[in-house]
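Chemist: Each protein sequence line maps, in turn, to chains C and B.
In this text, residue positions in the first sequence follow our numbering: the first is 1, and each later residue adds one.
In this text, residue positions in the second sequence follow our numbering: the first is 1, and each later residue adds one.
Because the hints were derived from the structure by calculation, they are not lab data.
Some hints here could point you the wrong way.
What the hints assert, rightly or not - Label-pair ranges, simulated between beta-carbon atoms:
no.: 1; chain 1: B; residue 1: D185; chain 2: C; residue 2: G243; range: 38 to 44 Å
no.: 2; chain 1: B; residue 1: F204; chain 2: C; residue 2: D183; range: 33 to 39 Å
no.: 3; chain 1: C; residue 1: H177; chain 2: B; residue 2: A187; range: 20 to 26 Å
Claimed, not checked - With a Cα cut of at most 30 Å, we get these calculated BS3-like pairs of lysine-lysine:
no.: 4; chain 1: C; residue 1: K171; chain 2: B; residue 2: K287
no.: 5; chain 1: B; residue 1: K287; chain 2: B; residue 2: K33
no.: 6; chain 1: C; residue 1: K217; chain 2: C; residue 2: K155
no.: 7; chain 1: C; residue 1: K155; chain 2: C; residue 2: K171
no.: 8; chain 1: B; residue 1: K287; chain 2: C; residue 2: K126
no.: 9; chain 1: C; residue 1: K126; chain 2: B; residue 2: K285
no.: 10; chain 1: B; residue 1: K198; chain 2: C; residue 2: K109
no.: 11; chain 1: C; residue 1: K114; chain 2: B; residue 2: K198
no.: 12; chain 1: C; residue 1: K114; chain 2: C; residue 2: K155
no.: 13; chain 1: C; residue 1: K187; chain 2: C; residue 2: K171
no.: 14; chain 1: B; residue 1: K285; chain 2: C; residue 2: K155
no.: 15; chain 1: C; residue 1: K242; chain 2: C; residue 2: K217
no.: 16; chain 1: C; residue 1: K176; chain 2: C; residue 2: K126
no.: 17; chain 1: C; residue 1: K114; chain 2: B; residue 2: K287
no.: 18; chain 1: C; residue 1: K155; chain 2: C; residue 2: K187
no.: 19; chain 1: C; residue 1: K109; chain 2: B; residue 2: K285
no.: 20; chain 1: C; residue 1: K126; chain 2: C; residue 2: K217
no.: 21; chain 1: C; residue 1: K114; chain 2: B; residue 2: K285
no.: 22; chain 1: C; residue 1: K155; chain 2: C; residue 2: K126
no.: 23; chain 1: B; residue 1: K198; chain 2: C; residue 2: K187
no.: 24; chain 1: B; residue 1: K29; chain 2: B; residue 2: K128
no.: 25; chain 1: C; residue 1: K187; chain 2: C; residue 2: K106
no.: 26; chain 1: B; residue 1: K33; chain 2: C; residue 2: K106
no.: 27; chain 1: C; residue 1: K109; chain 2: B; residue 2: K33
no.: 28; chain 1: C; residue 1: K106; chain 2: C; residue 2: K126
no.: 29; chain 1: C; residue 1: K155; chain 2: C; residue 2: K218
no.: 30; chain 1: B; residue 1: K128; chain 2: C; residue 2: K106
no.: 31; chain 1: C; residue 1: K176; chain 2: C; residue 2: K242
None of the values given here were measured: they were computed from a predicted structure.
No residue lacks a Cβ here, since even glycine has one placed at the ideal position from N, Cα and C.
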Amino acid sequence: MNVTKIYDPDGANVLALDDCCMEIQAGEFCVMVGPSGCGKTTLLNAIAGFHDITSGEIHLDGELLCSGTRMADPGADRIVVFQQGALFPWYTVLENATYGPLVQGKMAKAEARKAAEELLGDMGLKGILHNYPSEISSGMRRRVEIARAMMNDPKVLLMDEPYRAMDALTKTVMHKHLLDVYDATHKTIFFITHDLEEAIFLGSRVYVMTTRPGRIKKVIDVDIPRPRDFRVLSSERYLSLKGEAIEAVHEEAKRAFEAGERELA
Amino acid sequence: MQTAAMPKRQEFSGDAEISSASLFLYRIKLWLKSPRPYTMFTGLVLFGLFWWLSTEVLKLPRFEKLPGPVSVFREWFSKNPAYGISIYTPEYYEHIWKSVLRVIQAFGIATLLGVPLGLFMGWRKTFKDYTFPILETLRPIPMLAWVPLAILMWPGREAAIIYLTCLSAFFATTLNTLLGVESIDEAYFRAALCLGSKPRHIFFRIVFPGALPFIFTGLQISMGVAWFSLVAGEMLAGEYGLGYLIWNSFILVQYPVIVIAMVTLGSIGWASSAIIRFVGTLLMKWKARETAL
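Same shape as in the complex, but just chain B:
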C-alpha cells in the first residue's frame, strides 16, 4: 500500500487541500486493487464451510449440538421465525437498540471523564503522583468483581449495567490518554514555552492535539471492553439487550438465536470501532495524511 501510494505524494506538496472524503475514496480504491479484500473473502468462505461441515454435515463430536450456518441463516432471514427473532421482527431491533444505547451512554461518560483525567495526569506530574497508584490498583480488578458493589450503589438494573460498562471503558481511555501525553516530545513543550505560551495554551494546543493519536487508540480499546462488559452485565441482569438475548436463548434451548445475537454483536462491535477510526481520521488530518500517503 505504501509503495503504491508513493507517487501520489507529489500532488500534495502544493497549495491543494485534500478533503477527507476524497482521501477515503482513494483508500478504498487502493484497497480494492490490493489482494486483501479477496483473501478476506476466501477466509470467510473457508470458515463458513468448516462451520457447515462440522455441525450440519459431518456432525463432529463437540460440534454436533451447535447450530449450523444453514439453520442460523434460515432463522435469521425468515419472515416467520420459529423462535421469534429475525431481521423481520421488531424484537430483534429492540434488543440491538437497548444494547447500543447502553454502550453509547457508558462510552460517552467514560470518554468525558477519562480523556480530561488522563490529560491532566500526563500534564501535571503532582496530579499523576496522587492519582496514578489508585488507577493502577483499580484497573486490573475484573469487571465482574464490581458487580456486587454496582448493585449496592445503583438503584435498578439499568444504571448498574451502564455503570459497569462505563467503568471498564473509563480505565482504558484514561490510561491511553495519559500515555499519549507522555509520548509527546519534550521539544514541543519547550518550543511552545519559547513562543510565549501560557499554561492554558500548552494544555489546549500541545497536550491535547499531541495526545490525540493515543486517545483514539484508547477509545477503540475502550469501545471493545465496553461491549465486553455490557454483554456480561446483560447476561447477569437484564430484560433486553443482546447479552440478555444470548443467555435467555440458551435457557430456552433456542440455539440458532444465540448465534444470531453473537454475529450481530460482532458486526456492531466492528462498526463502532470503524466509526471511531473515521472520527479520528477527521480530527487528525495531519496524522491521516502522514500515514495514508
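Same shape as in the complex, but just chain C:
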C-alpha cells in the first residue's frame, strides 16, 4: 500500500499521512510504532473501512481494498481490536464470541456455540462464558475480544493500541497471551502502538513512523526467534534493537513535542 490522507477541517489542510508505503506479508506480525497523532490509527481505519483515503491504494491479497476514489467496506476478513475495547456489553462472553459467525450465517447456533466454547476454553476463559463484559477484568475483556475476532478466521487482525490503558503487569500477561495466539495460528497481525518495547517484543517487523505528516522513518526487522517469552526482554539482541528504535523515535517525539508547543503558543 501507499497512502496519503489529508484531513480538511475548517479549510486548513492537515496532512495526516504522507505517501506511506508498506507491504505486510501473510502471517507476519507487523507493528507500527510512532508518537501520538502520527496517523497510525488513520491508516488502520482506512484498512478497516471506517475512513477514506485521499490518494494511494491499499490492497489485500492482491485485491484492491480502497483507493482515493473508493472506500473499503468493513468486513470480517479484517477485524479490529479496539483501543477502548468494544465487546457488546448487552451480550455475554459466549454471545459476543458467536456474534460474527451467526450474523454472517457461517455457522448454525449450536455449532457456533461449540466452536466458541472450545476457543474460549483454549484461551483459558472457560469460567466466564456466561458473564457479561462488565463483570470481568479488562485483561479478560481484551482476550475475549481477540477470541471474538479469531472466531471469524480473519485474513488480518487489526489491533489499535489494545493494551494502552493497562498497567505494566497486566500488559506482560496480555503480551504473552497474544504471542501464544500468534504462534498457534500465525494470523497476519497489524498492531499499532506508541510503546517501543511492546513493538519489538511482539513484532516480526516494526515500522517507526515520523510525526505528522506520518511517514515511515525506519523499518526494523526483529530477528528474535519465536516462541518468545519475557526472557527476551533482557537479551542482547532485544536491547540493541530497542536502542536502534529509541534513537529513531526520540527524534520524532521531540519534534512532535515541539510542534505541540508551537500549536499551543
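Guided by the hints, dock chain B onto chain C, whose structure is given.
Modeler: Just chain B now, with coordinates in the frame of chain C:
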C-alpha cells in the same frame, strides 16, 4: 449500598447465573439494612403530623378549609362513607379501573409508535433530518393546547382523552429513544460492521439493546406525563376516572374525596413506575448486574 455490595462481586465471577428474583431479594435485604426505609418512614410521619396540625388542630390560615388526615382516612376506610367513595364501594374501583385502562391504552400506543420511531431517527441520519424539526416543534406544545383539535378529530370523549394522554407520552418516549441510540459508542457500530453485520443485525443487535437503558428512562418519564395528561383530560371531559372524581368532588363540596383520589393517583403512579423499572431490570440483566453489584 455500593461499598456494602462490593465483596459480593466475587461470587459472580464464576459460571453461576444469578436470577432476577434472587437479585431482587438481595436488594431488598440491603435496603432494609440501610437507614433509608427508616428515614423515609420518619419523613412520612412528620408530613402527616404537619398536615394534621395545620388543618385539624391549629386550623392555620390557608389550611383551614382543607380536609385533614383524620377526616380523609375515616372516609376512605369507612364501610358507610358519607360521600359514597371508600375502599368498600365499587365506585372507587370503577374510577381507578377506568383511569388505569386509559393509561394502559395510551401508554401502549405511545410506546409501540415512539420506540420504533426514535430508533429509526437515531439510526438513520437522513430520517432524523426529516422528522426531528417536526418533533421538536410539536413537543413543547402543552397538552391542553391540543384539546380543541382532539375534540375535532375524535368522536366522543373517550377517544379524545386517550389521544391526548398518548400524545404527551409519545413525545417523551420518542425523544429518549433517539437520545439512547445517539448515546451508543461508535466503536460498537464499527465492531459490528467488522464482524460482518447486515443493517438488520445492526438495528436489532446493536441499536435496540444499546438504546434500552435510555428507552426505559423514557418510558418512566412517559408514564409520568401520561398520568398528568390523563387527569387533565378527565377533569375537562369525563364520566369516570380519578381526574373526573377530583373535579366532581370539588364541585359537589365533597372535599375528603378529593384527597382520597389524589393519594390514590400518587400511589398508582408510583406503582406504575416501579413496574416499568422492574421490567427494565428483567430485560437488561447486563445493566442490572453492572449497577446493582
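Chemist: If a hint holds in the structure, say so; if it doesn't, say that too.
Modeler: How the hints compare with the structure:
1. D185/B with G243/C: 38 to 44 Å: For G243/C against D185/B, whose Cβ atoms are near 39 Å apart, the range 38 to 44 Å holds.
2. F204/B with D183/C: 33 to 39 Å: Distance hint for F204/B, D183/C holds at roughly 38 Å.
3. H177/C with A187/B: 20 to 26 Å: holds, 21 Å
4. K171/C with K287/B: OK: K171/C and K287/B at ~28 Å, within 30 Å.
5. K287/B with K33/B: Holds. K287/B to K33/B sits at ~23 Å (cutoff 30 Å).
6. K217/C with K155/C: holds, 27 Å
7. K155/C with K171/C: At roughly 25 Å apart (the allowed maximum being 30 Å), K171/C and K155/C satisfy the hint.
8. K287/B with K126/C: holds, 22 Å
9. K126/C with K285/B: holds, 21 Å
10. K198/B with K109/C: Measuring from Cα to Cα gives roughly 17 Å; hence the hint holds.
11. K114/C with K198/B: holds, 24 Å
12. K114/C with K155/C: Since the Cα atoms of K114/C and K155/C sit roughly 22 Å apart, the hinted pair holds (cutoff 30 Å).
13. K187/C with K171/C: holds, 21 Å
14. K285/B with K155/C: Outside the cut-off at roughly 35 Å; violated.
15. K242/C with K217/C: holds, 15 Å
16. K176/C with K126/C: holds, 18 Å
17. K114/C with K287/B: This hinted pair holds, its Cα atoms lying about 26 Å apart.
18. K155/C with K187/C: Satisfied, since the Cα-Cα distance of roughly 7 Å is no more than 30 Å.
19. K109/C with K285/B: holds, 22 Å
20. K126/C with K217/C: violated, 43 Å
21. K114/C with K285/B: The hint holds at about 24 Å.
22. K155/C with K126/C: Status holds; Cα separation ~26 Å.
23. K198/B with K187/C: Between K198/B and K187/C the Cα gap is close to 25 Å, so the pair holds against 30 Å.
24. K29/B with K128/B: Violated, at roughly 45 Å.
25. K187/C with K106/C: Holds, at roughly 20 Å.
26. K33/B with K106/C: Between K33/B and K106/C the Cα gap is close to 51 Å, so the pair fails against 30 Å, i.e. violated.
27. K109/C with K33/B: Outside the cut-off at roughly 44 Å; violated.
28. K106/C with K126/C: holds, 23 Å
29. K155/C with K218/C: holds, 26 Å
30. K128/B with K106/C: violated, 34 Å
31. K176/C with K242/C: holds, 19 Å
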